[in-house]
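Taken in sequence, the protein lines are chains W and B. FYI, in the numbering used here the residues of the first sequence are 930 to 1218. FYI, in the numbering used here the residues of the second sequence are 164 to 809.
One or more of the hints may lead you astray.
Interface residues of chain W toward chain B, partial, derived using beta-carbon atoms under 7 Å [as the list claims (entries may be wrong)]:
no. : residue
1   : TRP945
2   : ALA947
3   : ARG1105
4   : GLU1106
5   : ASP1109
6   : ALA1113
7   : LEU1114
8   : GLY1115
9   : HIS1125
10  : ALA1135
By construction, these hints were calculated from the structure, which means they are not laboratory data. We treat Cβ as the ideally placed atom computed from N, Cα and C, and that holds for glycine.
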Amino acid sequence: MTDHRERSRWNPKEMWRAIDRAGMKGVTIAIIIFIAVAFLGPLVWTDSPTQVNLEDAVKAPSLAHPFGTDEYGRDVLARFLGGAKLSLIVGVCSVLAAALIGMVIGSIIGLVGGFTDGVIGRMLDGILAFPALIMGMALALAIGPGALAAGLAVAITGIPWYARVVRSEVLSLREREFIDAERALGASRRHIIIRHLIPAVTGGVAVQASLGVAYAVLAIAALGFIGLGVQPPTPEWGAMITEGRTYLTSGQWWMSIIPGFGILALVTISILFGEALRDHLDPHGKLHF
Amino acid sequence: MTATTLMNPEPSSAPQALEAPEPANLLTVEGLRVSFPGEEGMVDAVRGVDFSVDAGEIVAVVGESGSGKTVSALSLLGLLPKQAKVEMDRGIIAGEDLTKARESALRAIRGRKVGVIFQDPLSSLNPVQRVGHQIAEAVTVQNGLRRSQARDRAVELLEQVGIPDPERRYRAYPHEFSGGMRQRAMIAMALVSEPSLLIADEPTTALDVTVQAQILDLIRRLQQELNMGVLLITHDLGVVAGTADRVVVMRRGEVVERGSTADILERPREQYTKDLLAAVPRLDEESHQTIRESDGGEILKVSDLRVDFGKVRRFRPEKSNLISAVNGVDLELGKSRTLGLVGESGCGKTTLGRAIIQLTRPTDGQVEIGGASLSGLSDKALRPLRTEFQIVFQDPQASLNPRFTVERILAEPLDMHDLVPGGPAEKRARIVELLELVGLGREHLKRRPHELSGGQRQRIGIARALAVEPELIVLDEAVSALDVSVQAEVLLLLQRLQEELGVAYLFIAHDLAVVRQISDEVAVMYLGRIVETGPVDKVYRAPSHPYTAALLSAVPVLSTERRRERIVLKGDPPSPGNIPPGCPFQNRCWLREKLGNPEICTTTRPDLTPAIDDMARSSACHFSGDVTASLPPESVPTADSSGATS
Chain W
930 MTDHRERSRW NPKEMWRAID RAGMKGVTIA IIIFIAVAFL GPLVWTDSPT QVNLEDAVKA
990 PSLAHPFGTD EYGRDVLARF LGGAKLSLIV GVCSVLAAAL IGMVIGSIIG LVGGFTDGVI
1050 GRMLDGILAF PALIMGMALA LAIGPGALAA GLAVAITGIP WYARVVRSEV LSLREREFID
1110 AERALGASRR HIIIRHLIPA VTGGVAVQAS LGVAYAVLAI AALGFIGLGV QPPTPEWGAM
1170 ITEGRTYLTS GQWWMSIIPG FGILALVTIS ILFGEALRDH LDPHGKLHF
Chain B
164 MTATTLMNPE PSSAPQALEA PEPANLLTVE GLRVSFPGEE GMVDAVRGVD FSVDAGEIVA
224 VVGESGSGKT VSALSLLGLL PKQAKVEMDR GIIAGEDLTK ARESALRAIR GRKVGVIFQD
284 PLSSLNPVQR VGHQIAEAVT VQNGLRRSQA RDRAVELLEQ VGIPDPERRY RAYPHEFSGG
344 MRQRAMIAMA LVSEPSLLIA DEPTTALDVT VQAQILDLIR RLQQELNMGV LLITHDLGVV
404 AGTADRVVVM RRGEVVERGS TADILERPRE QYTKDLLAAV PRLDEESHQT IRESDGGEIL
464 KVSDLRVDFG KVRRFRPEKS NLISAVNGVD LELGKSRTLG LVGESGCGKT TLGRAIIQLT
524 RPTDGQVEIG GASLSGLSDK ALRPLRTEFQ IVFQDPQASL NPRFTVERIL AEPLDMHDLV
584 PGGPAEKRAR IVELLELVGL GREHLKRRPH ELSGGQRQRI GIARALAVEP ELIVLDEAVS
644 ALDVSVQAEV LLLLQRLQEE LGVAYLFIAH DLAVVRQISD EVAVMYLGRI VETGPVDKVY
704 RAPSHPYTAA LLSAVPVLST ERRRERIVLK GDPPSPGNIP PGCPFQNRCW LREKLGNPEI
764 CTTTRPDLTP AIDDMARSSA CHFSGDVTAS LPPESVPTAD SSGATS
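Only chain W is shown next, with the shape it has when bound in the complex:
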């Protein structure tokens, strides 16, 4: 345990060196910039994202409104920043929840096997049949549309993916002799899962989760786009695209293009991060590219 503490001690210099060695410098900078924009941006650009000002409606980008204004005269930059924060929080939280739950379920069915594996496995296959969008529409009807329904939809539909990855990892791990050695020492199943299996599968899950954030952001935006996601006036990228959609053809591009660019940026960053992490954890896979 002491060893663990020593390793995780906060040492930014050492961490940066490790990131550099892993070849993840660029993508880490991009993530830091994005997080800074999402959380510090609203403090710097203090315009309200929800303040209606009909006199200023549909204004092109200017010094007062760098990204222009929307049909109600709300500042698009302020709404963009609000949307960034929301996408990041809902996307990351729902993926984290899915990954954690999936990991636990996957470890258990991988280790226990047999009947339990069969029953839970089929249930997971059932969930797998629902795209996040359909699940989100169902949940929006059941508990009312909003960030919670969107996040839940992403989390629930994500669980089987993580559970399946972890299950197959555990199936190969449990044949390893060190697990037998633990059993011979008298370790309980819980001990084996928590101390040995979960740490061993975390790397693979982290890769999948960072790729999963991209899909989560897309799904949340898609729900917003069809009006079943986060409800107005809360700023949300998908909903912003819908609102600006009708003006696209008449030349007022900024209302839709700006949030679209935000989605593109966040999705790209999470995919790049996931791939960099995979290449770092699985350097042999790299040789095949």
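Start from chain W and add chain B according to the hints.
Positioned in the frame of chain W, the structure of chain B alone reads:
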């Protein structure tokens, strides 16, 4: 056994090469250097190595892991990964200059003039293609024959390498072949282009002793018939002894010593060669194990233990796949004694070991450890009892969690059973104590398994088992993955620990010489049953089961002086799912043949019964009394037959 005679030149007789016309040189390398990119610059794997092979001779390159023997051979064929840097002053292989050869030329040489056999035939064969087709395809590529001709040639090759019923076996898939048969198929494939040089990289390492003897015989026979040169790469000096004409001993990328096989084995000049020879456990020398009288009391008692895998389908019996891995075993082991459990792969010895410590639950039968019956106990009820019995596995790499430090690995058992009262300081003190017990120290606390050598890892495995102060440790092939010199050290450590701590060992191994060195008693297992038990010296001197005798006979001996007639068993053990009625050993039994195939062997299953003259020994053979008398002279390499007094 003309092959043996020719291949083991007596030190006094003139070498074969002088009588024959000047043999063609097939391979000459001088100043071979290979390096790989490492964390800090290039790492030299091979540092200036010379060797040569002439037609009609077998040259062995011997060394422990990391000696560069395999890298040297692969570099000659251009089979190393791209990052490797290969340089040589001179290199001629089958008349081609390697220093000038390009990749395409190397490929041509590889296919046409040099045959290669690797250690693991399973990974070298395409699993989804019929064996015969793979060979026929190679024939088509090499010789440009038409399909039907290629097929005939492939069948011919299969026959040449001793695969029975080659017409039918042509259509089999690799997984339908046993390990020995696969290696034969690989050899057939290597012979497709009638190469003048055969490079065999650890060709028998993955095989059982009785099968190893068959394959070595085959390589020798083919080498004679086709007048090939063979470069044999191996870590096993026993394999060298009966096979090679000349030996090159390598260590850390350099040649330590070279010479004729007889010189190297009997008159080694270099200290390293001497150490290597001394480390090899031998059958033909007295064991150093002191015979201790049992202080009464048994630690382990196994009665009628069975472990079945698969299931019986009552309504569709043809779909039943029940296999009895352990089929009614009785064993007893006294406190602080060692029982060696020997057998070939698939005989059920590992399953028996796992069933004893309840890692695999037995189907039937009783296991008592320290007087407590383990049968029918739940996992939870077993947990506190597990401090009495532990296991050490074969592969120290796989048996330690790669993410844990040594300290954490050893803390696990202590935490699990609350063995150390007090705080972290006391716990650490106990861990250091355990490390010192197995010959390691405080400096290893923070290391992870990949930062340790194989021997050190196995010491950690032993320390972990000792942490709970068990009375019995199952050592499942615990030294067979280690280099000979490391193996010798770990065996000494085990003996010392037994003397200091009074722990009993169930020592599971396929290597008879190692078992002899460490065991008080031995049990020989065949197809899930014990076929012979008894005190180790008596069993090895005068086996009373034909299978034991054959096993002993198949063990290669480290000397070229004594040529012995071997009992080479035919074929492979039958599958445990398909045991013939009567004696399970009948179809491979040499004794049965010698006695004129008595009917009782095929009708009545022999039970393990004590010998009339010695109650300590038992054998499951109808003719156990006839075994020793029927042995070909000198076929079993014991201290007795070598003339040493006991």
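Go through the hint on ARG1105 (chain W) and say holds or violated, using the shortest Cβ distance to chain B against 7 Å. holds (5 Å)
Using the nearest Cβ pair, does ALA1135 (chain W) come within less than 7 Å of chain B? violated (14 Å)
Interface restraint verdict for ASP1109 (chain W) against chain B (beta-carbon cut-off 7 Å): holds (6 Å)
Regarding the hint that TRP945 (chain W) lies at the interface with chain B, is the smallest CB-CB distance below 7 Å? violated (20 Å)
Hinted contact GLU1106 (chain W) with chain B - closest CB pair below 7 Å: holds (4 Å)
With chain B as the partner, please determine if HIS1125 (chain W) meets the hint condition of a C-beta pair closer than 7 Å. Where the cut-off is 7 Å and the nearest Cβ of chain B is about 6 Å from HIS1125 (chain W), the hint holds.
Does ALA1113 (chain W) hold up as a contact with chain B if the rule is Cβ-Cβ below 7 Å? With a minimum Cβ separation of about 5 Å from chain B (threshold 7 Å), the hint on ALA1113 (chain W) holds.
Chain B contact restraint on GLY1115 (chain W) - CB to CB distance below 7 Å: GLY1115 (chain W) check passes; min Cβ-Cβ to chain B is 4 Å, inside 7 Å.
Less than 7 Å between beta-carbons is the criterion; does LEU1114 (chain W) satisfy it with respect to chain B? Interface hint status for LEU1114 (chain W): holds (5 Å vs cutoff 7 Å).
If you take the shortest Cβ to Cβ gap from ALA947 (chain W) to chain B, is it below 7 Å? violated (15 Å)
In terms of the numbered hints stated before, the structure departs from hints 1, 2, 10, listed from lowest to highest.
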